[in-house]
Amino acid sequence: MTGEDDVEAYLEAFERAVMATKWDPGSWTAKLGPLIIGPTQAAYRASNRTEDSDYSKVKAAILYRLEISPETYRHKFRAKKGPEYSQPRLLVQTLRDLVKRWLQPEEHTVKEVVDKKILEQFLTDLTGSTQ
1 MTGEDDVEAY LEAFERAVMA TKWDPGSWTA KLGPLIIGPT QAAYRASNRT EDSDYSKVKA
61 AILYRLEISP ETYRHKFRAK KGPEYSQPRL LVQTLRDLVK RWLQPEEHTV KEVVDKKILE
121 QFLTDLTGST Q
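Note that the UniProt record's numbering has the sequence shown beginning at 1, numbered continuously upward.
Warning: the hint list may mix true and false statements.
[Said to hold, decoys possible] Lysine-lysine pairs mimicking DSSO-like chemistry, simulated, CA-CA at most 30 Å apart: (1) Lys81 / Lys100; (2) Lys80 / Lys116; (3) Lys100 / Lys76; (4) Lys100 / Lys116; (5) Lys76 / Lys57; (6) Lys116 / Lys76; (7) Lys111 / Lys100; (8) Lys31 / Lys100; (9) Lys111 / Lys80; (10) Lys57 / Lys22; (11) Lys111 / Lys81.
No lab work stands behind these hints, which were simulated from the structure alone.
All chains should be built: construct the whole structure from the sequences, respecting the hints.
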């Protein structure tokens, strides 16, 4: 992992690798530690030692400490501009990845996803004085 890597993408690749090798989930956090650097490693080291064997809790703690949340991806999705991509397919894939991380459709009902979009539009449409 480098300092410029997408932490969530890196953790997803790590999870795929350890599942493919059939490692015991209790050992995942110990395997992860030496592979990460910088702020991600600092967040890893700051995680609760009693939760070290629970990878999902360590992952959640890392993402929390790095302030990576659906709101982060909403901002990135809204800020994404096409000219920085030379290939339209790459732009579409990036937008697809960001919106999935923002709206998390696999974890929410259609109604919840729609409600998120309505809330966002509602807040956008409010004038500065009514916010």
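Going through the hints against the structure:
1. Lys81 / Lys100: Status holds; Cα separation ~17 Å.
2. Lys80 / Lys116: 19 Å, holds
3. Lys100 / Lys76: 12 Å, holds
4. Lys100 / Lys116: 13 Å, holds
5. Lys76 / Lys57: 25 Å, holds
6. Lys116 / Lys76: OK: Lys116 and Lys76 at ~16 Å, within 30 Å.
7. Lys111 / Lys100: 15 Å, holds
8. Lys31 / Lys100: With a Cα-Cα distance of about 27 Å, the restraint between Lys31 and Lys100 holds, given a limit of 30 Å.
9. Lys111 / Lys80: Within the cut-off at roughly 26 Å; holds.
10. Lys57 / Lys22: 20 Å, holds
11. Lys111 / Lys81: 28 Å, holds
In this structure, none of the earlier numbered hints is contradicted; all agree with it.
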